[in-house]
Amino acid sequence: MALFLNLQTVFLLALMHFSTYRTGSSEYLVYPPESINVSIRSDEQCLDIQWTVHLHNYTLNLKMIFQIDIYRSTLSNTVENKNYTTTLKSNETLQWCWHSVLPLECTSHFVRIRSMVDDERFPESRIWSSWSPPVVSKGQESSGEFHIFPNDIMYAEEDSSVTFCCISRTDNDKIEFFYEDRYMQGIKLSSRTTMFEVKNVAFVRRQGSNAYCKLDSSIDGVVLYVGGVLEEPKDFSCQTRDLETLNCTWHPGRDTLLPEHLPNNYSLFEWFSQKKVNCVHRNWCAWQLAPDMQDTYNFTLMAENKLRKRRTSTFFNVNQQVQPKFVGEISIENVDATEATLRWQIIPNQKNLTFLCQIEVYDNEKGIEYNTSNSEFTLSGLQPYTAHSVRVRCCIASHFWKWSEWNSKNFTTKEDTPSGALNIWRIVEPVSGGYNVKIFWKPLPTFQANGKILNYSIAMETLGKVPKVDIFFSDSDSNSTEKIIDEQPYQISVAAINSAGSSIPSVIVVSGNTEKSIQNIKEDRVNGTRDGIYLSWKPDSEETESYVVDWCNYPWDAICDFQWQKFGSNITSAIIRSAAFQSGVRYNFKIYGLSTKHEPYLLAKKTGYTQELALDCKPEVTVDNLASTSLTLNWKDNCTDEPQYGFFKGYHIYKKPEVEEPCDSETEKQVFSDNIVVCMYTVSDTKQKTFNVKKLQPNSTYSFEVKAFTGGGDSLAGIIKVTTGTHENTNLMMTIILPMALFSLLLIIGLNLKIQWVKEKCFPDIPDPYKSSVLSLMKFKGNIHQAILNTSDCIPDAIEVVNKPEISKTQGLRTILVGNEITTPAYLYLLPVGKDALDSQACICFENFTYCQAASDSGSCSQNQMIPTDQMMSVESSEHLLKVDKDYIRPFGNTPAGEEVSLNYVSQLAPTMSGDKGNSSPNLPEPAHCSEYKMQMVIPAGLALSFPPEGDRPISVASLDQLEKPC
Amino acid sequence: MAKKDFLKAFMTDQGLNSPHLNETCTGSSDFPVTETLKDLPPVTFLQTVSQTVRLIEQKLNEPVFKRMHIYLQGIDNNVCCMLQALLPAPAACPAPASRRTLSPTPTVGSFSWKLERCKIIQSYQRFMEAVGKVLETWGASPGQRNRKRRSLLNVLLGQRRKVRAG
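Listed in order, the protein sequences are those of chains A and B.
Final position of the first sequence in this note's numbering is 967; the numbers increase by one with none missing.
Final position of the second sequence in this note's numbering is 1133; the numbers increase by one with none missing.
Pulled out of the complex, with its shape left as it was, chain A reads as follows (with noise of 0.2 Å):
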């Protein structure tokens, strides 16, 4: 054999040696590409390039690289260059398909190959064989048809580019390209071939995106059918039930909404057993098991559709990968009242698999949970006569995988007999010739029941002389039962009955010495609050076995809806609760010592509210001994203490003063929630009806309201207003006071009539020019304007102001002089117009005398002669003062009686003063110490007449006849 080897290679290297180049000193090996074979599949848009090397060289298993390149079109128009690298085997066409863009069919595409061993065995042979010819893979460009490409149908992926073409009949046709519509613009290739791109396409519908070329009336198309990318599968896994059937799942991700006819298609492969299921799901895929012959698998799943492919795999023991499933029910036996076994059957139920299984029981109330690696269980300690659920789930032990699905059951155990006893408690009321006993007891709780009570027993037995037993029974449903005794003790037992037994009976003596001594015990009140009222009671002897607290939920109801609770010897107080406790209802209390003979004796007696609540009445309020500082309430009402509303404990009197004032010691003092403020007064007698409020204002308005009050508050309130009378002082000081004020009006009165007396006597008015007599004469004369001065139209040319210069305003060159401002006289000096102004004949004095005329014969007038004040005008106005004096007040008196005077008006301008030292115009005199004019007075026409000659400055003082012409 090893001689044929020998051979066969010998007779290779021999071949080898014809088929290579010899250049010169050196042999390479050249294997140009032989059949080489162009064709297009379509549905791939995929150039399909196949050829061979000369088939002796295969045995050698040469590396070899293949250079192909393609040209579009043109051999000029190179698209792809690609190296090829291969292991040549033996019988093997070389094969290589190349994707374009553009659909093969659009234009023609040339591809040549040439090869270059890439041995390390032969590294002298790496020289690239010479090109092969040119093979094409004609396009239909020169078809004569026309036609759009790809035809008919194609598939993209969301988001991708999708390049068309169309090929026209003739060259140069016009050829439009919609695309769902949407015109669009090519890209000539040659005279038959346009390329169209669409960027980004989009899903539009399910039905595919419709895209055509148009020539002329012609329309050939094509459904581009857009889906989401296939995504990868995730969270894919597998598991068996019971290890003969194997279930694979997975996240196939989002739908690609490819149509119906085009789904995504997943598929298993298992590497070892080299099998493969299609699935038909897209999320799940059963696997059949060979258990006995494999328990390692190695599964790929292959998801692909026309677009992609994707695939994932998993490796695993199959017996880790187990979930127990329940065959069945589970089934529960043995049933007793505490008791109970549950069975049950789990596969797969191979003997090298171990289960752990949990076991969950719920009663009413609670659950346990127990845990076996069994297929039953015993359950104990069960409640009797209760349902319970249980449910078991179990999984693999030595590898757990996932829990099976709980298996759940309901069953009820049986009856026992009642344990505990019951709580009784007794009422012994007086009647004639001994008590009649009330046995109250309270129904066992569930849990102590045990079953369904039948009834109750009750077995009295008389303490006495004589022994004798009395035993009855109760209903199921009943809670206390009644009997008349005798004046003799009596033990009462009772005892709670069902299907299983009796429970325990509980005894209590019944003694009528008892209800004796309640008589002697004081009721205290006690203060409760929303949570209950609070109770507490002092320890009593070492004997005593439980302290027993009674009470009704309804004390004004006859049917008073009986509690009592007990509490052990080592509590002395307790918070007394109950849902029927409610705000106003006084609730009463007795509590109890229990003997340890099962006798009781009262301890105390209790009342109280959980919450007391305002009394439901109002008094009637009246006063009396109403004083000046001090009165007496007093009030009727209907208050009284009933248990319906709260501890009824008395008055409070509430003082609301009008004007606000201190409340005293005797007062507390309120604020309301409105910031009034008042004092209350607090009469803690209830039967008090009375109350004399002292220290009060005299002449001062109160109002007092009186309310009943309890700890829930005050009830509705009596009002009173009260006004206090006047102070005792009072009249005393009115009676002095009064006439006082009277006799001083009078005396305002009595000087104001004076004063006005002496103003009309001294200082009349001023009258009216208007109105004046003297117009009356003027009428016959012509025109009474004339007559008038305007004061307005005259400006006099200096006004000495003697003193107040301050009230003087001016008034450009001019100071008005307002005559009726100056309320001391003043003496006003014409200043002659010279040169010196302070010549002895300077100032000119006008006093009001004018009027003081009519006055003079009474002498009044003689006080209104005044004397200037002004100190410093004082010293130089002295002398021109005597001369004006006498100036003026000669022709008065020099008048002769009866002859006429004629009166002159001065007017009340002034020029401007000469105290105005700012105000230096050069057309006045200076200094012009007389200057002011107070008052427009009436002068002598005489007088008037004596003013310096025309020529001079023009004064104020002129007469009527001057007056015609202005000044």
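Think of the hints as simulated: they come from the structure by calculation, not from any bench.
Wrong hints could be hidden among the right ones.
[To be verified] Taking beta-carbon pairs under 8 Å as the criterion, some of the chain B residues facing chain A (in silico):
{"hint": "1", "residue": "975"}
{"hint": "2", "residue": "983"}
{"hint": "3", "residue": "985"}
{"hint": "4", "residue": "989"}
{"hint": "5", "residue": "991"}
{"hint": "6", "residue": "994"}
{"hint": "7", "residue": "1032"}
{"hint": "8", "residue": "1071"}
{"hint": "9", "residue": "1072"}
{"hint": "10", "residue": "1073"}
{"hint": "11", "residue": "1074"}
{"hint": "12", "residue": "1075"}
{"hint": "13", "residue": "1077"}
{"hint": "14", "residue": "1079"}
{"hint": "15", "residue": "1083"}
[As the list claims (entries may be wrong)] List time: in silico DSBU-like cross-link candidates among lysine-lysine, alpha-carbon distance up to 30 Å:
{"hint": "16", "chain 1": "B", "residue 1": "1086", "chain 2": "A", "residue 2": "174"}
{"hint": "17", "chain 1": "A", "residue 1": "306", "chain 2": "B", "residue 2": "1033"}
{"hint": "18", "chain 1": "A", "residue 1": "306", "chain 2": "B", "residue 2": "1026"}
{"hint": "19", "chain 1": "A", "residue 1": "306", "chain 2": "B", "residue 2": "1086"}
{"hint": "20", "chain 1": "A", "residue 1": "438", "chain 2": "A", "residue 2": "468"}
Backbone N, C-alpha and C define an ideal beta-carbon position, used for all residues, glycine too.
Chain A is already provided as a structure; the job is to place chain B on it using the hints.
Positioned in the frame of chain A, the structure of chain B alone reads:
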């Protein structure tokens, strides 16, 4: 007969309701037109209707036309019922004549498939319009006039009596 616009529904579903494609759908019809149908004797007319409807059923035997297929079957059943009142059972509803071989069915969902199905539906609707016009010449339909008056079946039976008497 309630009018169902299957053509519009199909074109909307397939995205063919554009002016260019609309024209392509409304090509010539291979089915008999009004002029041909109105000259046919009633039985022949009904048989033609039945055969044509069955031929359309064959062409549109694809899941996408499921509702339309049921509708066509209903029409065919009604026509056959009328024919069976006139003719013995086997001859009443003859199988559609295989007079012409159906052209190769294009790939479902392809552009040519869409256009071809569009043309078939359009032809069917034209044919049914023609049938309706012919039936109008026969008298009032039961739904339009008082049912006590002549129904389509009464018309047919009356014509059969005339034929036999004649």
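Measuring from the C-beta of residue 989 of chain B to each C-beta in chain A, is the shortest one below 8 Å? 11 Å, violated
Was the hint right that residue 1077 of chain B lines chain A, CB cutoff 8 Å? With a closest approach of 4 Å, the residue 1077 of chain B hint holds.
Do the numbers back the hint for residue 975 of chain B, that is, is its least Cβ distance to chain A under 8 Å? 15 Å, violated
Closest C-beta approach of residue 1072 of chain B to chain A relative to 8 Å, hint status: Violated, because the Cβ-Cβ distance from residue 1072 of chain B to chain A comes to roughly 12 Å (cut-off 8 Å).
Given residue 1079 of chain B as an interface hint, is its Cβ closer than 8 Å to any Cβ of chain A? 6 Å, holds
Given the hint that residue 438 of chain A pairs with residue 468 of chain A, test it: the Cα-Cα distance must not exceed 30 Å. 19 Å, holds
Proposed proximity, residue 1086 of chain B with residue 306 of chain A (alpha carbon, max 30 Å): 29 Å, holds
Residue 983 of chain B as chain A interface residue, shortest Cβ-Cβ below 8 Å: Given a least distance of 7 Å, the restraint on residue 983 of chain B holds.
Hey, does the residue 985 of chain B contact hint survive, CB to chain A under 8 Å? Since chain A brings a Cβ to about 4 Å from residue 985 of chain B, closer than 8 Å, the hint holds.
Hint validity - residue 1071 of chain B Cβ closer than 8 Å to any chain A Cβ: 12 Å, violated
Against chain A, with CB atoms and a cut of 8 Å, does the hint on residue 1083 of chain B hold up? Constraint on residue 1083 of chain B not satisfied, violated at 11 Å.
Satisfaction of the residue 1074 of chain B interface hint, Cβ to chain A closer than 8 Å: At about 6 Å, which falls below the 8 Å cut-off, the nearest Cβ of chain A leaves the hint on residue 1074 of chain B intact, so it holds.
Comparing the model with each numbered hint stated earlier shows that hints 1, 4, 6, 7, 8, 9 and 15 do not hold.
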